[in-house]
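Turn these sequences into a full structure, and let the hints steer you where they fit.
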Amino acid sequence: MKVLDVNSVTKVFGNYKAVDKVSFSIEEGKIFGLLGPNGAGKTTIIRMITNIFAPDEGSIKIFGEDINSNSKNQIGYLPEERGLYKKTKVIEQLEYFGRLKGLTRNEAHKKARYWLEKVGANGWENKKIQELSKGMAQKVQFVSTILHEPNFMIFDEPFSGFDPINAELLINILLEMKSQGKTIILSTHQMYQVEKLCDDIFMINKGKQVLNGNLREIKKNYGKNNLIIEFEGNGNFLRNISPNQIIDYSENRAEIKITNYDEAQQILKNAIADNHITRFEVEEPPLNQIFIDIVEKNRDEYETVK
Amino acid sequence: MKQSNKIWTIMSFEFITRVKSKGFIISTILAPIFLIALIIIPGLVASFSMNETSKHIAVIDQSSIVVDKLIQDDAKTFFKSNSSVDELKKQILNGKLDAFLLIPSDVLQKGEVTVFTPGGGGIGYIEKIDKIISDIVREKRLLNAGVDKKVINIVEQGIDIKSIKVTAEGTQKDYTEFFSIFGYMLGFMIYFLMFMYGAIVMRGVITEKVNRIIEVINSSARPMEIMMGKIFGIGGVGLLQVLIWVILLVAVTVAGGSIATMFIHQPSLSSMPQGAAATQIKGLPFDIPQIPIGVWFAFVFFFLAGYFIYSSLFAAVGSAVDQEEDAQQLQMPITMPLIIPILFMPAIMANPDGTLAIVLSLIPFFSPIIMTARIAATSVPLWQIAASVVLTLGTLFLCIWFASKIYRTGILMYGKKPSFKELIKWVRLAK
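The listed protein sequences derive, respectively, from chains A and B. Under my numbering, think of the first position of the first sequence as 72, with each following residue one higher. Under my numbering, think of the first position of the second sequence as 45, with each following residue one higher.
It is worth saying that the hints were derived from the structure and are not from the lab. Mixed in with the good hints, there may be bad ones.
Stated by the list, open to error - Here are the computed lysine to aspartate or glutamate pairs in the EDC-like style, where the Cα-Cα straight-line distance is at most 20 Å: (1) B:Lys-64 <-> A:Glu-196; (2) B:Lys-460 <-> A:Glu-152; (3) B:Lys-469 <-> A:Asp-127; (4) A:Lys-279 <-> A:Glu-367; (5) A:Lys-189 <-> A:Glu-247.
What the hints assert, rightly or not - Every beta carbon over 10 Å from chain B, so not counted as near; a handful from chain A, in silico: (6) Phe-124; (7) Asn-144; (8) Tyr-148; (9) Glu-163; (10) Tyr-185.
Stated by the list, open to error - Covered stretches of chain A (in silico footprint by chain B; criterion: 3 or more residues with CB under 8 Å from a CB of chain B, positions within the stretch not fixed): (11) 107 to 115; (12) 151 to 162.
In this text the structure is predicted, and so the values were computed from the model without any measurement. Just so you know, even glycine gets a beta-carbon here, dropped at the ideal spot from N, CA and C.
Quick look at the structure:
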């Protein structure tokens, strides 16, 4: 089932096209990475999904329905720029945000206590936000967005302000939610977290889609994979490979640039004939590299057009 | 969830957190104390300086008909002196004497008296001397002219003007002056409340924007709901505060009145025309007539209507800026129509039925202050009240509509402070 279906959506601010004919969809129970450099249009897309404003063209469906006044309650949204009332007690704020999402005061109170406990923040109920450290406040903030336990959540840079231990805690909560069949959009610049968590990714640059699909497939087919092969033997198979493709070569180790997996299989076949293979690995490019490549390629194109 | 529930949630949160705050409790207690101090202290100071006994004034009375009366009138200040003029002048220079009075023997003929002072010291006591001596001299002259003592008493009795208002229910004592002052007070109070609570709304909007709380709330409720919830909630705080003050005021006057009546006998009450006594709060050193219930209705209505008009505009300004300092310039078009009625107030209260008063009270941005003051001060024709109510309500809805357009764009905008031109553009572009 499609939890979210974004269909050819465009949003214009004045003369500026913030989002240009963007389409993607998210299946239930997936963690979906929404990527792109600063100012690419990520926040604009999220704001249309959360019904903060409407698209100029195209349609957005949540749980198969057009966005309506009800959809806000079905989504949990942690914005990148976020804050809490400094002088209000933790429990009062959480009750307030829970009630805004349609919970009763009682339900909100119970769930607030449950989640505070879960993120290791029990005993903070009656503290004011100004008494908390940034990391502690971020935990409360996180709780405030998932308090109503929605089936669809959007987290924009959820790890900012967290130390590695708390980031790990957060990751575990996200994975637990996924295992419960909940759907998550994760928007972050921390590519390591994306590689670790996301099933599918969507990348936007200057308002336009540049990548969309399964993360594994994208990495596999990106065309910039490296084959690392270690062997004992004559190494004759290397002669059939264009020297341009060989990045690194030593006595019994070679690093070869390949464009697809079939090529790797062919090299393996040739090598195995008169060598003893001790290591054979196709190294996928890190997402970080893909991200930088795409943004830089786009910039070059833009410069040329100019 | 229905839209009204979200407004209700936001409103109750705003209301409860603010009512529980120290600021509310302190301002609710301090404002009446401050107001009472503002009324009482000038009176106290004035009466204190009137009775001041520090002045020492010698009197050389060559006519010997005035000095006894002066001493009888104020023995602490005046004393008889037989010293020479030069001697007394020395004493003034030494600071032993504040002034001295030379009453020549021909005072009855020429009516001239000389006061020697070191300069300064106010005119209060000179006026007092003038009055006492004038009375004495007048009386003596009349006596000397052979006028009957009875006639002199009649002349000196003076005149008190009692004004009686004629109404359908009969005649009653006229409180025109009281109601003018009361109207002025109510108008000023509405001004003060609209300004104060409007600014609180603005600060609330700015705080939510600066702390990025708005980003979180915005994904839970519509901008219109957020803005209206805030305005309702803070308006509720204002209304509660006003109610506390009014109840306190009534309680104090009633309690103070009943205590005072135990000590003060008021013969004037029984001699007053029927109808007046019944509508009076008894026992105060000054009369307070009962305030018609309609005035309180007008006060509450115009306070709320004015509050909605101005607070929605204040919310719009708050949404457009990133920090309070930037709001100064954008606030101008809001604070001007707030201040203008206060500037016109004295002229309007001098003639609350005049053309100026009628015209200004019908302008919706001025109505809350001026119409309330007029309703308290005079009998405003019904059509004028009706017209101002309709115009004010119309303006109220227009202002909320206008403000919500700016608000929904403003809360998402960070960075450069927008110009008025840009604000108008936001209104036009918002769907």
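Hints numbered earlier in the text: which of these fail when held up against the supplied structure?
6, 7, 8, 9, 11
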